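Number of protein chains: 2
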Amino acid sequence: MQHRDVSSSATVRAEEAGTPAAGGTDPWRLVRTDHDPTRAAHHESLFALANGTLGVRGGLEEAPSPSQGSFLTGVWERTPIEYHERFPGFARHTDTRLPVADGTRIALWLDGQPVDLAAGEWLDFEQALDLRAGALNRRLRWRSPAGATVQVEAERIVPWRAPGLLCIRYRVRSLDYRGPLALDSVLAADNAAAGQGDDPRIGARVDGGLSLTGASADAAAASVCQSTRRSGIRLACTQRHRLPGAALAFEAADTDAHGARQRYVATLAPGDCATLEKYVAYAWSEPGEDIAETVLLDAAAATLAQALEQSFDRHLERQAEACAAFWRAADLAIDGDPAAELALRVNLFHLRQSTAPDGRGSAAAKSLTGEGYEGHYFWDAEAFVLPALACLAPELARGMLEYRVRMLERARAHAREMNHARGALYPWRTIGGDECSAYFPSGSAQYHINAAIAFALRLYVDATGDTGLLLDGGAEMLVETARLWLEAGHYSPRQGGAFCIRQVTGPDEYTALVDNNHYTNRMAQRHLRHAAATADWLAREHPADWAALAARIALGGDEVDAWRRAADAMYLPVDARLQVFPQDDTFLDKPRLPDALRDATRHGPLLLRLHPLTIYRHQVCKQADVLQAFVLAGDYADRAAKRRNFDYYEGVTVHDSTLSASTFGIVAAEVGHADKAWRYFREALRVDLDDLHGNTAHGVHLAAMGGSWMGLAWGFGGLRCHDGTLAFAPTLPAAWRGYRFGLRWRGRQLRVAVHAGCAEYTLLDGEPLAIRHHGRALTLHAGRPAVLPLSGRTRFPQPFKAVVFDLDGVLADTATVHHAAWKKLADEIGLPFDDAVGERLKGVDRRASLEILLERSPRVYTEAEKEALAARKNAYYREQIERFGPGHLLPGARAAVESVRRAGLKTALASASRNAPLLLERLGIAGLFDYVVDAGRIARAKPDPEIFLAAAAGLGLTPADCLGVEDAAAGVAAIHAAGMAAVGIGSGPALAEADRQLPDIAAFDIGQFATSA
Amino acid sequence: MQHRDVSSSATVRAEEAGTPAAGGTDPWRLVRTDHDPTRAAHHESLFALANGTLGVRGGLEEAPSPSQGSFLTGVWERTPIEYHERFPGFARHTDTRLPVADGTRIALWLDGQPVDLAAGEWLDFEQALDLRAGALNRRLRWRSPAGATVQVEAERIVPWRAPGLLCIRYRVRSLDYRGPLALDSVLAADNAAAGQGDDPRIGARVDGGLSLTGASADAAAASVCQSTRRSGIRLACTQRHRLPGAALAFEAADTDAHGARQRYVATLAPGDCATLEKYVAYAWSEPGEDIAETVLLDAAAATLAQALEQSFDRHLERQAEACAAFWRAADLAIDGDPAAELALRVNLFHLRQSTAPDGRGSAAAKSLTGEGYEGHYFWDAEAFVLPALACLAPELARGMLEYRVRMLERARAHAREMNHARGALYPWRTIGGDECSAYFPSGSAQYHINAAIAFALRLYVDATGDTGLLLDGGAEMLVETARLWLEAGHYSPRQGGAFCIRQVTGPDEYTALVDNNHYTNRMAQRHLRHAAATADWLAREHPADWAALAARIALGGDEVDAWRRAADAMYLPVDARLQVFPQDDTFLDKPRLPDALRDATRHGPLLLRLHPLTIYRHQVCKQADVLQAFVLAGDYADRAAKRRNFDYYEGVTVHDSTLSASTFGIVAAEVGHADKAWRYFREALRVDLDDLHGNTAHGVHLAAMGGSWMGLAWGFGGLRCHDGTLAFAPTLPAAWRGYRFGLRWRGRQLRVAVHAGCAEYTLLDGEPLAIRHHGRALTLHAGRPAVLPLSGRTRFPQPFKAVVFDLDGVLADTATVHHAAWKKLADEIGLPFDDAVGERLKGVDRRASLEILLERSPRVYTEAEKEALAARKNAYYREQIERFGPGHLLPGARAAVESVRRAGLKTALASASRNAPLLLERLGIAGLFDYVVDAGRIARAKPDPEIFLAAAAGLGLTPADCLGVEDAAAGVAAIHAAGMAAVGIGSGPALAEADRQLPDIAAFDIGQFATSA
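Chains A and B are the protein sequences, given in the same order. Position 372 of the first sequence, counting from 1, maps to 434 under my numbering, and the rest follow consecutively. Position 704 of the second sequence, counting from 1, maps to 766 under my numbering, and the rest follow consecutively.
The set of hints was computed from the structure by calculation and includes no laboratory data. Please read all numbers here as calculations on a predicted model, not as lab measurements. We treat Cβ as the ideally placed atom computed from N, Cα and C, and that holds for glycine. It is possible that part of the hints are untrue.
Covered by chain A, per the in silico footprint, the following chain B stretches (three or more residues, Cβ under 8 Å) [said to hold, decoys possible]: (1) 573-582; (2) 626-633; (3) 674-687.
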C-alpha cells in the first residue's frame, strides 16, 4: 500500500447535512467538508487519532479551538474528593486524565500577519479520516481578506506501532499569493482541564491542569516539561522537524508560559509549495516515580531520533500495514449499505485506537478522544469493547486484562474499604486502580463490575486459547473477584434459602441500591461457576500453580464448593403474573414514570432533569439490565421468555445510556423483532456520527462503538460462545443484500458471510474448527466454505413434516361465539366490553380471558366466584356450539386440512378451548387430525408455547418440523416461541409477526409452504 | 427569690467520678469540681447558657479554651456545596451557624503578668448551673506559682427575657496577695468554624468563620462588627461595664485583628475584692438586609443602655422569676432519686433555653450549645423537643411552628426541586429554609419530616387550644405538606391497590431509599387524616379563610377526599410469619449484621466504622422506626403487637442514635418491659451528663433531653393525646418511691403524681378537664385530686368478676399427650423434635404448631399435605384422650374451678384445642364453666388475644373484669394483650411476665386474687 496525496482525493459530501457520514460513499474514508465552528469539538472527537497510549483530537493545525487536546493514558491527576457529609469507605480521591502538551499546532503567517481563517473565505475544505491508511488527511483552499489564495494540506498519524509519537506533514501551496510565509510550530502546554458544569458525566472538578515545569526551544528542537500537582507524574514533550523541498528555513525559537515554539519561514510565489514535517514525542514517568526531567527529555529525544530515521512516507506505509492487519481480521463488508459499512469501520477504528497491548491501561469510556468521564475505565471496557477486540485484536484484549490483573492489589484494598474480609472488588470507575466515584449509589454499589471482568477473561481465553494469562495472574483475579460474592450475598431463609445479593446497583443506574438485581445475580452465578471450573482445571492441569495460589490467598478447603453452592442457589425469580424476570425485588411494584415527568422539558437524559429519588421511585430504565444479562449470559432463557422480557422492558426503558441501544438491538434480533433490531442497531451505530446524545464533543462513546460491532456479529450474526464453542444464528436485515464479518478465533481466521437465504462460513486458515449454526453443530475446514440456510424469518417452502392448526378463528368461526358469550357475561355482571377487550381475548384460554375481563371490575372476585363465572360463560358458549354442524366450518377449512394430509404431512389441532373435541365432532372433522392437544393438560395460556410444543410432541416430531397456523397475535407468538414457523390467518397488523399472513384459511395452499418430504 | 452569693454554696461532688451529676445532691444545681482540660469542651456544652436567641458556652472567663464560643440563632453562613458528581435537585448550599464574637473572656493579670491557671494550684473549684436561678455560678481559689492566693467568683446569665444580652459579674478576691491586678475584658472575634474531620455529624466544611469588619474600644465601651461572607448577615457586639465597689478603674482600651478589649486595674491587699460587671449586647441583620453597621451598633448600645438601668442583682431576680414560672409548669419531682431529678431538670433547662418565642428559629439538634450538625434544625425539633415544650412552655412551641410557617415558601420550592408539581416538602436539615443535606439518601429522602411537623402542630393545638395558629398559616402549612404525600406515593396494583410510598428514608438512617417505610406510611396516614379533618373544620368554622386558602393554593375540589382515600388505603402490612410490622418492604429479608462487622472495633457508631452499603445490606437499625411510630401514632396496634415488635426490633437495633433510647424506653413501659423501660430511660436521661456518645463536646443532644422528659411523662406516665383527649397509663419504676410531673394543658395547670399503688391527678386551676386513666374516662375539677389505682403489673386482690382458664397444662395434663402425638408425627416424617420445639408448641394451635414443626423440613409441603399431617396428629391425640377420665385432671384443678364459682365469680374456658369439648366431657368438668370458647371460631393463635377476648365477650364482661390462668408464655402474652391480669401456672422464666406465678393449679387460691364482688 502506498501513500496517496491527500490533495488528489475527491471531496465526498456527507449523507445528512453537516454529518460526516456518507451515502454513495467511499466506505473507507470518513469525510467532512463542514467547518462550522460550533461543531468543532464534535469533529475533533470523531477525527481523533490514537494508539492506546497517545490520543490526539482532530483539530486543525492552523486553527486550534479551545477544545483541541492531546492525552496520554499514563498521565492523570489525583484530586481529593471532599464531601460535605463523608462516610467510611467513601472514595478519597478521583483520578483525572488531563490534557498534555498539544503537538498539533502550527500557526500560519502570510505577509507578516497571523492568519485568521474565520476572516477569510473557505473555498474548498475537506477533512478525512482514512481508515485504510490510519491517517487524518486534510485539505483547505482559502482566500485571505487581502485576496491571497493558498492551499493547506495536512497529513497526520499517531502510529500504532510507536507509542508516544505524533507525525504531521504540513504543506502550504500558493495558488496566487506572492510574499512571505511563516509557520510557528508550537507545543501548546496551556490546556486547562474541563469543568463539570452541571453535567456529572463530563468529569469532576480538578483544580487546574498540568503545571509547566520547563520549556526550551532552539533551531534543532523544542521541548516542554509538565507535571501533575498531586499524582506525581512528570512528562516531557519534544518536537523536531524536517523541511523537505528546502522551501522553509528555521528562523527563530522561543518559549513562554504557554509552551514552546519554532518558527520556519519561506517566500512563496504562485505555485510554490512549502512543506513542514513535524514529529512530536512524549515521555512520562510512573506516578510517584523519582525521575529527572532530563531523563524524560532524553527518552523523548530518543523516540524522535528513531522516528527521524524513516521518511514520512515510510511512517505512513508502516501505519497502513498495521491497519491492513486489523482490517483483515475484521473482514467487514455490508452489501448494499456503504454508509453503514463506513460507520461500522469508523467505530472499529476507534476501538482499535483506544487501547494498547502494554497492560498499562484499558479502554476508557471516551477512549483517548476527550475529557468525558475524566478518562475513567468502567465496565464498558469489558462488556462492550473487549468482545470486539478479543476477536479482532486479541493482543489488545490481553492488554486490557493485564491492566486489571495489575490492579488486583488495589481491588483487594477496595474490598476491605467496603468491609469485606476476603476477596477483591474492582472499583466502578478508576484510572490508577482506586475507586473514583464520589456518588456511591451509582458507583461503588455496582458490584457487577467484578462479573464483567470475569466475563471478559473467559471470552478472551475462549477466543484465543491463551490459558497462559490465567497462570499469569488471571486465575488469581478470577478467584479473588468470585470470592467477593460470598461476602456480599447471603442465603436468605425468607427467599426459600436462595442466595441473595442485596443493596447493589445494576448497570441500569436509574434504580440504585436494590436487592437481587437480575443482571448482577445472573452474572455472579456465571462468575462463581466459571471460577469453580477454572479452579478445577488449574488443580488438574497445573497443580503446583494452584497450590501456590491457594496458599497465597488463604483459600479455604471448601471455598470452591461454596461458590458452586451459591451459584446453584442464586435467587433469580420469575414474576408469576408478568412472566418476566424482575429487574430487582421491588422494581415491578413501582409505578411507571408519568408523562408529566418524562416529558418535562423533552431534551437531555432524565438524569439531567430529575432528582435521583424521582427516577428511583419509578419503573424507568436508563438501560435494561435483564436484556443485558440475556446478551452476556443468555442461555438460561428460551426465546419466548426473552421476547416477553424484551417487550416488557422496552416499555419502561428510555435509553438514556448510549449502551442501551446495542443491547436492545442484539436481543431484538434474537427474539425475532427484526425491525427493532435494525432500528436499535442503527442507533448504536451512529451515536457519535450523528451526535445522538449531544455530547460527542467530550469524546466518542466507545461502548456504543463496541456495541455496534456486537450488534452486527452478536445481533444479526447471532454470535455467542457457550462452553467454549462458537455459535451463530444469523439473520439478514431487510435493508441489506448481505454482510460479512471476520473473527480471529483460537489463532484462525474465520469469515461469516450472510446472503439472502444462506450463511456461508469460511475458515481461512488453521486446524478444523467446530461451530454451531442455529444450534446445529458443524466442523469447518480451512478453505472449504460451509453454506447453510438462514432461518430467521422462515422462507417457504421448507420440508415441514406437519401442520398444527388452531381451531377457533382458523377452521371455525367460534371466535364470534366466544365473543358473544363473553359479552353476555360482561353485560350481566355490569362490566364494559368493547372491541379492545374482545381482541385481547382471542386465542386466550377461558380462565385467562376471565382475568382480562375482570381487570376493569371495581370489586375483587373470590376464586369460587371466578370459577362460577367461567362456568357460566362456558355454558353460554356450549349452548351455541351444540347447535353447530359442518356448515359452521369456515370456507376452505376442510380443504386446507385435507390438502395437508394429501401432501403426506401430519396434522394436529392445538386449540386452547376445552370444548375442542366436542366441536370437532360437530364440525365433522375429528377424523382429519393425527393428534389433538388436550387443552385440559395445558397449564400456561398462549403466548406460552406449551400447547404447540405438546402438539409437536404428540406427533412425535421436533418443533422445527412443524408449521403452525393461527389467527391471533398471542398464537403466533406461541408458535414462534415453540420454534415453529407461523402462518397468520387474517388481516391487520396484529399478525405482522407471522412468517406469512393469509387473509383467510381458504387462501391456504400447502404447496406454498412445504416441499414434499 | 433573692440572689445567693455563689461563694457560700456548698461544693457537691459528682456521683460518678468526673461526672457532673450528683447523688445525695441538691437536685437544683448541676455542679462540677473537675477541671480536667481534656473535658473542657464537654463541660462547656453542659454548662452553656442560652435563651433561644443567644447561646454562650460555659467556658471560664479567665481560661478560655479553643472550643469556647457564643452563637446567635440569626447568624449563619451559606456555603455552596460542591459535588464531584452532582445531579438535579441536589442541595446547592448549606447553612452553618458560626460562632460570633465571644463576650465571656476576662483575662486576669497579677503582678503585671498574665495568669496561666494551668501553671498554678487549683485549691478549690466549683462550677454550678443553678437551675432555679437560671445562672452559671463559679468559684475558683487558686495559688499562683509565686504563691499568691486569690479567689475568683463569676456569675453569668443569658437573660431569658432579653434576647442578645449576656451579663457577667466577675469578682477577684485576694486571700494573701498584695499587688496590682488587671482585668482585660475582651470581645473575642477570632473563633474559627469547626472542621468536619471524619465525623459527618459535626458539620460541613466552611471556609473560615465570620469576618471582622470593624472594632472600636474606649473607656466607655468596646465593640466589634462582624459579617458573614456569603449569607449577607452583619453583626455588632458591644460591651460596657460597671465597677461596683470602685476597686477597679479603667486603664486602657485597644482593638486588633482578634477583637476589642478594655483594661481595668486595681491594687489588691489580702482581703480586698475587685468586682467587674460586664454587659455584652448583640445586634444583627437579616440575611441580605441592607443595613449599616452604625445602625447595628446603635441597636446594641440601646440594649446595653436598657440593661444598665437595672442592677445586676435585679437581672438575677428577673431571670429567677422567669425560671420559676417554667419550673412551676414542669412541676417535677422524683421521690427517692435526686440524681435523676437533677438530670431531668438539667435536660428541661436546656430544652427551655433552646428556642425563643419569636418565630425566628426552631430548636437546633445541638441547641445553641455547640457547632454539632452545623446548628441545623431537623425533625428532632418537632418529634422530641416540641412534645415537652408544648406542655411546659407553649409560647416556645408556637415560636417553633411559626418558624416553619415562615419557611413554607422555601418548602414549596424544595418540593419543586424534588420534581413534585404540588405541595411543600420541608428540608431535612436547614437553617434558612433550604435543604442543606449534601447526602440525600439520609437527607432529602427523609420525607417524614413533613409528618413530624404536622404531628407537632396537632399536639400544640391539642395542648393549647390555640386554633389561631391554624388561621395564621398553620392550616396552609398542614395542607401543603399533606398534599405532597399524593405526589410522592401511588396506588399500587401489585399491593392490592394499597397506597405505597417508595424510595424514602425513615428516621432509621441505617436503611435508606426504601419502599413503604412503616413509620413514614403510618405518619403520612395520620397527616392526611389530620389535614382532611382540619380542612373540614376550617370549611365549617371559618369558611372565608378556607375559601381564601383553597384559592391561594389552587386546591382541587376532590383533594380533601383524595387525602382520606390515600390514608385509608395506606400500605401498612404485617409480616405473616413474624407477626411484626416490617420496617420496609425488604427489611425483614435482609440478614442480621454479623458479629464480625458489628464488633469490628467496638467503639463509635456503625456509621463511623462501616460503609453505608454494608449497613444498608443488613437488618440493623440505628433506631427503630416501627417503635417510633408506636410512640407518635400508636393507637393502631394493641399491646401484644407492640410487644412483639419491641422484642423483634430490639434484637436488631444498635442505638447509634441518641434518639433511640427514649423511644425504646417509652414503648418498653407501654408493653410491660419494666426493667427495660428503666434502663432505656436512664440512657436517654444521661446522654450528655455521662457523655454516652462521646460527642457532647460539640453540643448537647437536645432530642435525647426532650426524649428523657417523654420517657418520664409518655413512658412511665403513659401520656398520650388521642383525638384531643389527654390520656395516661402510669406505672412506677421499681427504683423510685414516686414521681410527679406537671403540664400546661389548654390554659390549665395539671399535676400527675404517681406513688406506690396509685396515681393522683390534680387540676390546679381552670375549668374541669376530661382525661383518661388506663382507658377509663374521668373528669378533673380544680383543687379536687383524683386518686386511682395504678395498674401496670396488677396488684391482687382486685374485684374480678370472672376467671378464664386455659385447659391444656392448667387443668389437665394434655400437654404431654400433645407432645407425644407431635413427636410421633415428627418421627414418622423424619423431622427433629427436641425440647425446644416442644416448648414452642405449648399453647399454640394445631396448625401453627405444625408450621413450627415444619420449619426444619428440607422440603415444602403443599396445603393438602399439611392438612393431612395435622389430621394425623389429631388422630393420635384423640386416640389418647378418648381413654381419659376424671382421674386425668391435674391435682387441685376441680377444686380451683369450684372455688372460683363459690366465690361468686364466673368461669370460662379458653383452650386452643378443638378437642376441648370432648375433653371436658371425659374429665367430668363440662358443667363447671359458664362459657367455653369454640376454638373453631378463633382465627388467630395465641399470643393473639382473640381467644381471651372471645371468653370475656361470651361471659358478657369487659376484659378488665377477668383474670386469666395460663401455663404457657404465649398464653400469658395473649391474656395481657386482651387487657386481663394473668396468673401463670408452672415454674421457669418463660412465665415471668405473668402478674403472679404459681407452681401448679393446686396452689391456686381465688382469695389471693379477687376481692368479693
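Cross-check of the supplied hints:
| no. | hint | verdict |
| --- | --- | --- |
| 1 | 573-582 | holds (count 3) |
| 2 | 626-633 | violated (count 0) |
| 3 | 674-687 | holds (count 5) |
The structure does not agree with numbered hint 2 stated previously, though it agrees with all others.
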